[in-house]
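*Asks:* These are the residues of each chain, in order.
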Amino acid sequence: MTPRLLRWLIPLSAVPVLALLAYGFRVNPREAPSPLVGRPAAVFALQTFEGAPLALEAQRGKVVVLNFWASWCYPACYEEAPVLERNWRAYRDRGVVVIGVDIQDTPEAARKFVRDFSLSFPNARDTTGRVSVDYGVYGVPETFFIDRRGRIRAKHVGGVTDETFRTNVETLLAEPTG
Amino acid sequence: MIPELGSAAAIVALALALWGAAAAAAGAGTGRPALVLSAQHAALGVFVLVTACFALLSYAFLAFDFSVRYVAINTNLGTPFYYRITGVWGALEGSIILWTWLLALYTLVVILRHRESARELYPWVLAVMLSVMAFFLLVITVAAPPFARLTPAPADGRGLNPLLEDTGMITHPVALYLGFTGVTVPFAFALAALITGRVGDAWITLTRRWTIVAWYFLSLGLLIGGWWSYHVLGWGGYWAWDPVENAAFMPWLTATAFLHSVMVQERRRMLKLWNLALVILTFGLTLFGTFLTRSGVIASVHAFTQGTIGAFFLGFLALVLLTALGLLAWRWDALGAQGELDSVVSRESAFLLNNVLLVAAAFTVFFGTVFPLLAEAVRGVKVSVGAPFFNQVNVPLFLALIFLMGVGPLIAWRRASPDNLRRNFLWPVAAGVAAAAFFWALGVRSALAVLTLTLTVFVAATIAVDFSRATRARLRTGERLLPAMGGLLRRHNRRYGGFVVHLGVLLVTLGVTGSQAWSVQTETTLRRGEHAELAGYRVRFDGLSASEESNHFKVAGAFTVSNGRVLGVLRPAKKFYPQEQSPIAGVDYRLGLREDVYLVLGDFARDGSHATVKLQVNRLVSWIWIGGVVLTLGAGLAILPERKKPA
Amino acid sequence: MSARGAALGLALALAVAVAVAAGAAAQAPTRRVTEQQVHDVAAQLRCVVCQTLSVADSPSEMASQMRAIVRERLEAGEPPERVVQFFVDRYGEWILLAPPRRGFTLLVWAAPVVAVAAGLLLAAVLLARWTRRRRAAPAAPPVVDPAMQERIRRELESGP
Numbered sequence: 001m002t003p004r005l006l007r008w009l010i011p012l013s014a015v016p017v018l019a020l021l022a023y024g025f026r027v028n029p030r031e032a033p034s035p036l037v038g039r040p041a042a043v044f045a046l047q048t049f050e051g052a053p054l055a056l057e058a059q060r061g062k063v064v065v066l067n068f069w070a071s072w073c074y075p076a077c078y079e080e081a082p083v084l085e086r087n088w089r090a091y092r093d094r095g096v097v098v099i100g101v102d103i104q105d106t107p108e109a110a111r112k113f114v115r116d117f118s119l120s121f122p123n124a125r126d127t128t129g130r131v132s133v134d135y136g137v138y139g140v141p142e143t144f145f146i147d148r149r150g151r152i153r154a155k156h157v158g159g160v161t162d163e164t165f166r167t168n169v170e171t172l173l174a175e176p177t178g
Numbered sequence: 001m002i003p004e005l006g007s008a009a010a011i012v013a014l015a016l017a018l019w020g021a022a023a024a025a026a027g028a029g030t031g032r033p034a035l036v037l038s039a040q041h042a043a044l045g046v047f048v049l050v051t052a053c054f055a056l057l058s059y060a061f062l063a064f065d066f067s068v069r070y071v072a073i074n075t076n077l078g079t080p081f082y083y084r085i086t087g088v089w090g091a092l093e094g095s096i097i098l099w100t101w102l103l104a105l106y107t108l109v110v111i112l113r114h115r116e117s118a119r120e121l122y123p124w125v126l127a128v129m130l131s132v133m134a135f136f137l138l139v140i141t142v143a144a145p146p147f148a149r150l151t152p153a154p155a156d157g158r159g160l161n162p163l164l165e166d167t168g169m170i171t172h173p174v175a176l177y178l179g180f181t182g183v184t185v186p187f188a189f190a191l192a193a194l195i196t197g198r199v200g201d202a203w204i205t206l207t208r209r210w211t212i213v214a215w216y217f218l219s220l221g222l223l224i225g226g227w228w229s230y231h232v233l234g235w236g237g238y239w240a241w242d243p244v245e246n247a248a249f250m251p252w253l254t255a256t257a258f259l260h261s262v263m264v265q266e267r268r269r270m271l272k273l274w275n276l277a278l279v280i281l282t283f284g285l286t287l288f289g290t291f292l293t294r295s296g297v298i299a300s301v302h303a304f305t306q307g308t309i310g311a312f313f314l315g316f317l318a319l320v321l322l323t324a325l326g327l328l329a330w331r332w333d334a335l336g337a338q339g340e341l342d343s344v345v346s347r348e349s350a351f352l353l354n355n356v357l358l359v360a361a362a363f364t365v366f367f368g369t370v371f372p373l374l375a376e377a378v379r380g381v382k383v384s385v386g387a388p389f390f391n392q393v394n395v396p397l398f399l400a401l402i403f404l405m406g407v408g409p410l411i412a413w414r415r416a417s418p419d420n421l422r423r424n425f426l427w428p429v430a431a432g433v434a435a436a437a438f439f440w441a442l443g444v445r446s447a448l449a450v451l452t453l454t455l456t457v458f459v460a461a462t463i464a465v466d467f468s469r470a471t472r473a474r475l476r477t478g479e480r481l482l483p484a485m486g487g488l489l490r491r492h493n494r495r496y497g498g499f500v501v502h503l504g505v506l507l508v509t510l511g512v513t514g515s516q517a518w519s520v521q522t523e524t525t526l527r528r529g530e531h532a533e534l535a536g537y538r539v540r541f542d543g544l545s546a547s548e549e550s551n552h553f554k555v556a557g558a559f560t561v562s563n564g565r566v567l568g569v570l571r572p573a574k575k576f577y578p579q580e581q582s583p584i585a586g587v588d589y590r591l592g593l594r595e596d597v598y599l600v601l602g603d604f605a606r607d608g609s610h611a612t613v614k615l616q617v618n619r620l621v622s623w624i625w626i627g628g629v630v631l632t633l634g635a636g637l638a639i640l641p642e643r644k645k646p647a
Numbered sequence: 001m002s003a004r005g006a007a008l009g010l011a012l013a014l015a016v017a018v019a020v021a022a023g024a025a026a027q028a029p030t031r032r033v034t035e036q037q038v039h040d041v042a043a044q045l046r047c048v049v050c051q052t053l054s055v056a057d058s059p060s061e062m063a064s065q066m067r068a069i070v071r072e073r074l075e076a077g078e079p080p081e082r083v084v085q086f087f088v089d090r091y092g093e094w095i096l097l098a099p100p101r102r103g104f105t106l107l108v109w110a111a112p113v114v115a116v117a118a119g120l121l122l123a124a125v126l127l128a129r130w131t132r133r134r135r136a137a138p139a140a141p142p143v144v145d146p147a148m149q150e151r152i153r154r155e156l157e158s159g160p
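Protein sequence lines correspond, in order, to chains A, B and C.
Each residue of the first sequence is one higher than the last, beginning at 1 in this note's numbering.
Each residue of the second sequence is one higher than the last, beginning at 1 in this note's numbering.
Each residue of the third sequence is one higher than the last, beginning at 1 in this note's numbering.
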């Protein structure tokens, strides 16, 4: 390259940097892929708001939809709560269980949330944060779809829609129980 | 009514700015002063209109006008009066108005100072500044309108981000923005120099004080930001290498490099190309900084983002970089050095090395900040680049810079003879070695701390050597001590202003070293009446108290601190704001020259029977703030007009 | 007192004693792990709710829960690297505040070295060019500082 043209490298050098920054618009810095997909779901043993025990192992053989929420998570958790309740009622007789885990919250606010949305699926508080760490939860809401053999098959960050719920659950239900 | 007036004012200001930029450029190109005069009037008009915008927005805040969406989001009926004023620039739209207003202010001062003194460059400077203002006004009118209405108007607003309810909000953004916008002036002069072809020393001499002013406000903004982080954010630190912090730090690094390299151009007519490139880079980094803060492209605690505004800033950044760097390439031939050097051991080399290190540091910080984006683009993986990385890679660079800070001012231009080296550096080196031995004997075992302290002593010694030698020379002429020292400072205010600034930097270094090397902390849960001990302090938990404030609910813990004798009661609190999802930690601390005692309240039992508290003893942190004060004095000294007659 | 009453009383006393002992033990667990050790591990992890602070620094509830997990695992005898890996297994590599020094992320660690090397190279080229220049240097504009130093030197050498 002749020295005369070399000087134009200076303005041109700005282009890749600008392109990289432009790329930044397409990604969401807060979303991270989970390394847990495909791995066995961590077991937990919590207590529901009514005092009943809630353990993951007891759900072996069913498709589990594990949802992490908080009462202050507005608007996403408020939008997905009716979705979860609706689909829970539709699928509960088909071997699907929806479990809600409340994190970073106060008992009163959480109970109010459950009451307000008339949630009939089991909900428990993760008081020590261990369950949310075991599932690599970094925000709410997050939902995990666990198959009948206890493996995490999908993770959904953000509010769950009817579509997301049904697609994932139907896929897992279609798998053989063996 | 009021909001409509505000929107109208912004639109008219935009039109004026566009007209002014075109008129100034046309006037410069065709040599017609009437056009330039018209551009001046346009600039004045822009200033008046943006002031009006500012005033109208403030009025909307003070009057609780929740029909304006910006007001509804950032204030509520409980927001205290003074935070309704500072809240005006507390979020995106208002901060852009602040930025534009400061730009308009700078433009006015440039007009007043330079319309006579910089005949050839001035019209183009005006054109550039008006163009930059036009961009920000475009953002205000199109991308982030502050007067957008909210219908129906809510009965109460959401409220200011609680972290912003602090005196830091009054000073930190204003200081930082004064720095950011201040960089526009040397940049405008640089572009004017490139466009007119007058790439000699004129533009450097004219912008010398502007550069110091902008650099100073950047430094001040960073230091106040550190103070704010320390006493509000509840984590006991002052710098987290957050992407937005980095965004302000990078232009500071290149501005510091520029401050020094212009001295080489002034004295020796070298580094012309480099200086132009450096000031363009600095301005580009200020735009990059505002892009980062507003685009959400990189996650940050600071980022307050919205919609398409990121695209606007990226577009403008692209325009500025390609145009300015293109002009630089165009004028390449005129930018050769005209000086000659006899030896590599010389002040020119020291300054060159200073620039290499500062720009390398800026590049490192930049690369680290955008690396998550790069990793995602190239590999599709998410990575984090945080404090451990930045600390590890920057420390060696800064240590080398501190060493240069001692060498640079004293080493001779062109060629430093062995004699010159011996006379200037023998005592400081000896002092440094003695200091190293002293600290080692004192029990300091961290090699990094010893090295930093040794270099600090070395640099301080060089300043002392120079100042004492000069003073003694004056004393020989019969002058008395204090007038001699004062006269020296005044006569050579640039040099000694620089020395005082260096001293300020040394004090900041001392504070940073102390706090990083010797701070201790512990976290523990205490029952009422129980105490925790750390570094000779005993902290006893006395109980909780709750109170209802105007816009939040506060739970404060009372902790009695003693170290043999009772020092006082600290009340770190947790503040519950209705609009916030988690409580805001309120810290309490006891500052000291040697160490600060710092408490953060964690979880607590509702009945006040026990509470978790994080206790820190931070060493030497106060010297950072003291260093900031010294820095201010030094910058002030350096900007003083020069005395022509010997004092 | 009947035998039954005595047995009951003894059982009650035992129960109370056990409860008190358990309470005391819960209040003061055997700390085989120092706060500094917890801090060192936590400083490597990114607090997931604050985006830039480390788990050690963050005042958030999530971070303090994570610190508790770190403390518990260290007390159970797990080496620090395993504790860090525990979090990486669940969150992914972005939970590390400093990217690992291998593979693609080695690039970010190499950047400062490359930058300084490139800068020094550029400086060396410039200096070589300046010291080789044969044109007479134009008189530099009056410089205060070296002249001042010269004056001082002469005055010092002339002596009392």
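Honestly, the hints are just simulated from the structure, not real lab data.
Cβ atoms here follow ideal geometry from the backbone N, Cα and C, with glycine treated the same way.
Among the hints, a few may not be true.
Here are the simulated DSS-like cross-link-like pairs (lysine-lysine), alpha carbons at most 30 Å apart as the crow flies [what the hints assert, rightly or not]: (1) A:Lys-62 x A:Lys-112; (2) A:Lys-112 x B:Lys-554; (3) B:Lys-575 x A:Lys-155; (4) A:Lys-62 x A:Lys-155; (5) B:Lys-554 x B:Lys-575; (6) A:Lys-112 x B:Lys-382; (7) A:Lys-112 x A:Lys-155.
Partial list, derived from the structure: chain C residues whose beta carbon lies under 7 Å from chain A [claimed, not checked]: (8) Val-48; (9) Glu-61; (10) Arg-90; (11) Tyr-91; (12) Gly-92; (13) Trp-94; (14) Leu-127; (15) Thr-131.
*Asks:* Next step is simple, just say for each hint if it's right about the structure.
*Replies:* Hint check:
1. A:Lys-62 x A:Lys-112: Cα-Cα ~28 Å, so holds.
2. A:Lys-112 x B:Lys-554: Answer holds: Lys-112 of chain A to Lys-554 of chain B is near 22 Å, not above 30 Å.
3. B:Lys-575 x A:Lys-155: violated, 34 Å
4. A:Lys-62 x A:Lys-155: The hint holds at about 17 Å.
5. B:Lys-554 x B:Lys-575: holds, 4 Å
6. A:Lys-112 x B:Lys-382: Violated: Lys-112 of chain A and Lys-382 of chain B sit about 36 Å apart, past 30 Å.
7. A:Lys-112 x A:Lys-155: holds, 27 Å
8. Val-48: holds, 4 Å
9. Glu-61: holds, 5 Å
10. Arg-90: Result: holds, 4 Å to nearest chain A Cβ.
11. Tyr-91: holds, 4 Å
12. Gly-92: Hint holds; Gly-92 of chain C Cβ to chain A Cβ min 5 Å, cut 7 Å.
13. Trp-94: holds, 5 Å
14. Leu-127: violated, 20 Å
15. Thr-131: violated, 21 Å
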